[in-house]
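Participant: This is what each chain is made of:
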Amino acid sequence: MPDFVRIFDILGTIAERNDAITRQQEFALQALTSGFGQGAFSITVPANVNTPDPKQIVAKAFQENTNDLYGYSDTELVAIAVAKSDAAKAETKVVHVDFARTRDDVVTDDPVKSGRHVFLPLSDSNESNVISFARYREQLMPTG
Amino acid sequence: MTSETLRELANPITNRYEIDEKNAIIALQSILTTRGPVPEENYRRFQIYLSRLPPYRSILVYSHAMKAIASRMEEGDPHRDALKTMGQAIAEHVSPDFAEKIEENPEAYEDQRMLLAENFNQIATFMGQFRDEATQRECKDA
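Listed in order, the protein sequences are those of chains P and W. Numbering (the working numbering) for the first sequence: 1 to 144. Numbering (the working numbering) for the second sequence: 1001 to 1142.
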């Protein structure tokens, strides 16, 4: 017998996330026909800045890599930028940011050694990225 | 070269989404048709594949999911008819080629964006309500 409570929870959680993404992705329209969510991008993190402002990083990423960013909401990108801050602490000057939509995509290699840093802003090993994105949205982009 | 091949070459990401759509539906069917306890892995797979889809693509999976879930519920289940109706309503208002149209035409997406968001908002509200009611019912039965 399926657990309908569990199924409703999955459907509701993702619907909530989809609602947020759909409302927030105006920026992506310019790149609709080109990149479509594929590829990674690199940004330069000032070596003397340990915790760069996530919003500045996102702005810079848009400026330089607009075509690679379609399909991701600014909520997700802020979450990416938060993860970037951690990479900056490791004194990484140029950090390659790839996108992960599921835990299966996560690469845990050292970003400096591997030249690739795929992340999920997870707070614990049992949480899905959907839930984490919602949490970042609450923390960083209050809408109330 | 067929038009299908051209399409595949033009947009491998679209192909990935189509695979994710199918996998989400397969994962749900697997949950709904398992006899006895459903392995945790099945729920996880359903969640992963559904979450990988862009919202405008997942809406049709929601329609399918609601109808499939309703069909597996018992006659007296209070959520059965509501799910069936919601699934049918989505199917009636969202054409099967909706995703392709959106991907080919940014303006079409912009026209539909807020409506889509509103639909997801309502779905999220209903699913939260159903989840809470089903939880309460389970507690009562136990």
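The hints are simulated quantities; they were obtained by calculation from the structure and are not laboratory data. Where a beta carbon is used, it is the ideal one built from N, C-alpha and C, also for glycine. Warning: the hint list may mix true and false statements.
As the list claims (entries may be wrong) - Quick list of the computed label-pair ranges, beta carbon to beta carbon:
no., chain 1, residue 1, chain 2, residue 2, range
1, P, M1, W, K1022, 21 to 27 angstroms
2, P, D3, W, E1075, 17 to 23 angstroms
3, P, M1, W, E1107, 42 to 48 angstroms
Stated by the list, open to error - Some chain W residues near chain P, calculated using beta-carbon distances under 7 angstroms:
no., residue
4, L1050
5, P1055
6, F1098
7, R1113
8, L1115
9, L1116
10, G1128
Participant: Now, for every hint given, state plainly whether the structure supports it.
Facilitator: Hint check results:
| no. | hint | verdict |
| --- | --- | --- |
| 1 | P:M1 to W:K1022: 21 to 27 angstroms | holds (25 angstroms) |
| 2 | P:D3 to W:E1075: 17 to 23 angstroms | holds (19 angstroms) |
| 3 | P:M1 to W:E1107: 42 to 48 angstroms | holds (46 angstroms) |
| 4 | L1050 | holds (5 angstroms) |
| 5 | P1055 | holds (4 angstroms) |
| 6 | F1098 | violated (13 angstroms) |
| 7 | R1113 | holds (6 angstroms) |
| 8 | L1115 | violated (9 angstroms) |
| 9 | L1116 | holds (5 angstroms) |
| 10 | G1128 | holds (5 angstroms) |
The structure does not agree with the numbered hints 6 and 8 stated previously, though it agrees with the rest.
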